[in-house]
Structure formats: C-alpha cells, structure tokens
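There are 2 protein chains.
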Amino acid sequence: MIKAKIYVTLKPSILDPQGKVVTNTLHSLGYSEVNETRISKFIELNFDTDDEVKVRKDLEVICDKVLANPNTETYSFELEK
Amino acid sequence: MIKAKIYVTLKPSILDPQGKVVTNTLHSLGYSEVNETRISKFIELNFDTDDEVKVRKDLEVICDKVLANPNTETYSFELEK
Numbered sequence: 095m096i097k098a099k100i101y102v103t104l105k106p107s108i109l110d111p112q113g114k115v116v117t118n119t120l121h122s123l124g125y126s127e128v129n130e131t132r133i134s135k136f137i138e139l140n141f142d143t144d145d146e147v148k149v150r151k152d153l154e155v156i157c158d159k160v161l162a163n164p165n166t167e168t169y170s171f172e173l174e175k
Numbered sequence: 095m096i097k098a099k100i101y102v103t104l105k106p107s108i109l110d111p112q113g114k115v116v117t118n119t120l121h122s123l124g125y126s127e128v129n130e131t132r133i134s135k136f137i138e139l140n141f142d143t144d145d146e147v148k149v150r151k152d153l154e155v156i157c158d159k160v161l162a163n164p165n166t167e168t169y170s171f172e173l174e175k
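Residue numbers (the working numbering), protein chains in the order written: chain A, 95 to 175; chain B, 95 to 175.
FYI, nobody ran anything at the bench for these hints, they're computed from the structure. Be aware that a few hints might be false.
If chains are identical, the list can't say which one is meant, so a pair holds when it fits in one copy or spans any two.
To be verified - Capping the alpha-carbon separation at 30 Å, the derived lysine-lysine pairs in DSSO-like fashion look like this:
| no. | residue 1 | residue 2 |
| --- | --- | --- |
| 1 | LYS148 | LYS97 |
| 2 | LYS175 | LYS159 |
| 3 | LYS114 | LYS151 |
| 4 | LYS148 | LYS175 |
| 5 | LYS148 | LYS114 |
| 6 | LYS175 | LYS151 |
| 7 | LYS114 | LYS175 |
| 8 | LYS99 | LYS175 |
| 9 | LYS99 | LYS135 |
| 10 | LYS159 | LYS148 |
Whole structure, please, built from the sequences with the hints as guidance.
Now the structure itself:
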C-alpha cells in the first residue's frame with residue numbers, strides 16, 4: 095500500500111480571504127505577531143498497490159483534473175510506503 | 095520570523111463526506127486502487143518573532159480556540175525558522 099500526501103495550495107499571487115479572516119481574528123485576540131496566514135488543503139490518498147511509478151503518474155492526472163484548480167492553485171505530493 | 099505549519103485533521107472515527115466523494119469520483123474515473131481519501135486543512139502562520147517557546151504556547155491556544163473544532167478534529171504543528 096502507498097499513502098500519498100498531497101498539498102493543494104493557493105498560488106502566492108491569489109488572495110486568500112479565509113486566511114485574511116484568520117489573521118484578523120488572531121490580531122483581535124491579541125496575537126499581533128502573526129503577520130500572514132495561508133490556508134491550504136492537505137489530502138491523503140491510500141493506494142492499494144506498490145507500483146510507485148504508476149501512482150506518481152496517476153497522481154499528476156488526479157491532481158490536475160480532480161483535486162486542484164489549475165487557475166488558482168498549485169500542488170505537491172510525497173509518497174509513503 | 096517563525097513559520098508554523100499546522101495540520102487540522104478529522105478524527106479517525108469521524109466520517110469525511112468530502113473525502114468519500116473524492117474516492118467515488120476517482121473510482122468512476124478508473125482509479126480503482128484508491129481505497130481511502132481524507133481531506134484536512136493545512137495552515138501556515140507566519141510569526142514576527144523568534145521566541146519559539148512563546149510561539150508553541152500561543153499555537154496550542156490558537157489551534158484549540160480558533161483553528162480546530164475539538165469535538166471532531168485533531169491538530170499537529172511543526173515550526174520552521
């Protein structure tokens with residue numbers, strides 16, 4: 095079995111309104127040293143196979159077509175056996 | 095500056111309907127070897143300080159009170175200087 099850990103993150107140039115709200119909330123709670131918040135998705139997929147080459151190839155397609163919005167997001171992943 | 099990387103994950107006993115939808119979608123696309131998907135939040139906070147002890151203490155409160163729902167989610171974090 096292979097576990098894939100995928101990070102789907104907004105591109106740096108894209109405003110993250112949810113992160114902005116968290117930053118403002120933390121400031122209003124007194125945590126003034128927090129200067130930026132980015133909120134991303136962290137996705138774990140379990141594959142019932144040990145073929146790492148195929149999983150990497152499949153993941154590129156899965157991220158491009160299902161998990162990430164290529165207009166606003168980037169992704170990266172790592173595999174664990 | 096300290097960057098905190100926070101993972102907010104559903105407890106294993108809590109159903110993840112969003113993950114279930116992704117699993118079903120991947121099956122219908124032919125990726126039958128995917129047997130489980132868990133979708134979590136990945137949050138990056140930048141702190142304008144180098145006091146790691148204070149940041150760790152603040153983060154425990156921030157995660158408990160703002161970022162995670164203690165009824166359904168758990169969290170973990172790591173710090174980067």
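Now for the hints, and whether the structure bears them out:
1. Proximity of LYS148 to LYS97 under the C-alpha cut-off of 30 Å is restricted to the intra-copy arrangement: shortest distance 13 Å within a copy versus 34 Å between copies.
2. Proximity of LYS175 and LYS159 under a CA criterion of 30 Å is satisfied intra-copy only: 24 Å inside one chain copy versus 34 Å between copies.
3. Taking identical chains as interchangeable, the C-alpha atoms of LYS114 and LYS151 lie at most 30 Å apart only when they sit on different chains, with a minimum of 22 Å there against 35 Å within one chain.
4. Taking the shortest Cα distances, LYS148 and LYS175 sit within 30 Å of each other inside one copy (14 Å), while across copies they are farther apart (36 Å).
5. Taking identical chains as interchangeable, the C-alpha atoms of LYS148 and LYS114 lie at most 30 Å apart only when they sit on different chains, with a minimum of 22 Å there against 38 Å within one chain.
6. Taking the shortest Cα distances, LYS175 and LYS151 sit within 30 Å of each other inside one copy (16 Å), while across copies they are farther apart (33 Å).
7. Taking the closest pair of Cα atoms, LYS114 and LYS175 come within 30 Å of each other only across two copies (22 Å); inside a single copy the shortest separation is 36 Å, beyond that limit.
8. For the homomeric pair LYS99 and LYS175, the shortest alpha-carbon distances inside one copy (11 Å) and between copies (23 Å) are both at most 30 Å.
9. In this homomeric assembly, LYS99 and LYS135 come within 30 Å of each other (Cα to Cα) both inside a single copy, at 10 Å, and across copies, at 12 Å.
10. When the C-alpha separation of LYS159 and LYS148 is checked against a cutoff of 30 Å, the pair qualifies only within one copy, where the shortest distance is 17 Å, while the shortest distance between copies is 42 Å.
Of the numbered hints given earlier, the model fails none.
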